[in-house]
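Enquirer: Please arrange chain U on chain G, whose structure you already have, making use of the hints.
2 protein chains.
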Amino acid sequence: MTMILGLVAGMLTTIAFIPQVVKTWKTKSADDLSLGMYVAFCLGVSLWLIYGFIVSDLPIIAANLVTLSLAITLLYFKLTYNNKTR
Amino acid sequence: MTMILGLVAGMLTTIAFIPQVVKTWKTKSADDLSLGMYVAFCLGVSLWLIYGFIVSDLPIIAANLVTLSLAITLLYFKLTYNNKTR
Chain G
1 MTMILGLVAG
11 MLTTIAFIPQ
21 VVKTWKTKSA
31 DDLSLGMYVA
41 FCLGVSLWLI
51 YGFIVSDLPI
61 IAANLVTLSL
71 AITLLYFKLT
81 YNNKTR
Chain U
1 MTMILGLVAG
11 MLTTIAFIPQ
21 VVKTWKTKSA
31 DDLSLGMYVA
41 FCLGVSLWLI
51 YGFIVSDLPI
61 IAANLVTLSL
71 AITLLYFKLT
81 YNNKTR
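Read top to bottom, the protein sequences are chains G and U. For what it's worth, the numbering used here labels the leading residue of the first sequence as 1, then goes sequentially. For what it's worth, the numbering used here labels the leading residue of the second sequence as 1, then goes sequentially.
Only chain G is shown next, with the shape it has when bound in the complex:
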């Protein structure tokens, strides 16, 4: 039950990035996205992943694995679609 709650929580904070990826990919506009946010976020999610492996917590591992790939995609979009800093 707790495991299911964790998996649903992880699924939501993970799939949350899908509409952002789709939107940014469609509009090719990332001006309003913060570069600092995505750099810090990718770093943090990587550490969460390591933490998940250490405490052997499946929801944390699963969620952060997918979140990391989506966050890296957005970071790539941000760096590709505009050259302004921040």
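Accuracy of the hints is not assured; some may be wrong.
Because identical chains share one entry, a pair is satisfied inside a single copy or across any pair of copies.
[Stated by the list, open to error] Derived lysine to any residue pairs resembling SDA-like cross-links, with alpha carbons at most 25 Å apart: (1) Lys28 with Ser69; (2) Lys26 with Ile54; (3) Lys26 with Tyr81.
If you are wondering where the hints come from, they were derived from the structure by calculation, not from laboratory data. All values derive from a computational prediction rather than experimental measurement.
Expert: What follows is chain U alone, placed relative to chain G:
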């Protein structure tokens, strides 16, 4: 040690939203932010918080408490600064 890793991870994925809040607040522009992302994200972070309380995991509780307040702020900005859907 593991606790410290979790706290650093949580701190990073949490403070990551600060540059986004500052940027959006300064530019008053949230066009490129996805409404769907912030709705799903706020919901997911709320569930993470409940999960953290159930498994008594301090890093999860601390991180998601702050992340939730920042994500709600961004959701509010998105709803205030533009009326377009998505």
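Enquirer: Against this structure, judge whether each hint is valid.
Expert: Verification of the supplied hints:
Taking the shortest alpha-carbon separations for lysine 28 and serine 69, only the intra-copy value of 19 Å comes in at or below 25 Å, while the best inter-copy value is 29 Å. Taking CA atoms no more than 25 Å apart as the test, lysine 26 paired with isoleucine 54 passes in neither setting, with 38 Å inside one copy and 39 Å between copies. For the homomeric pair lysine 26 and tyrosine 81, the shortest alpha-carbon distances inside one copy (11 Å) and between copies (21 Å) are both at most 25 Å.
Hint violations for this structure: number 2 only, all remaining hints satisfied.
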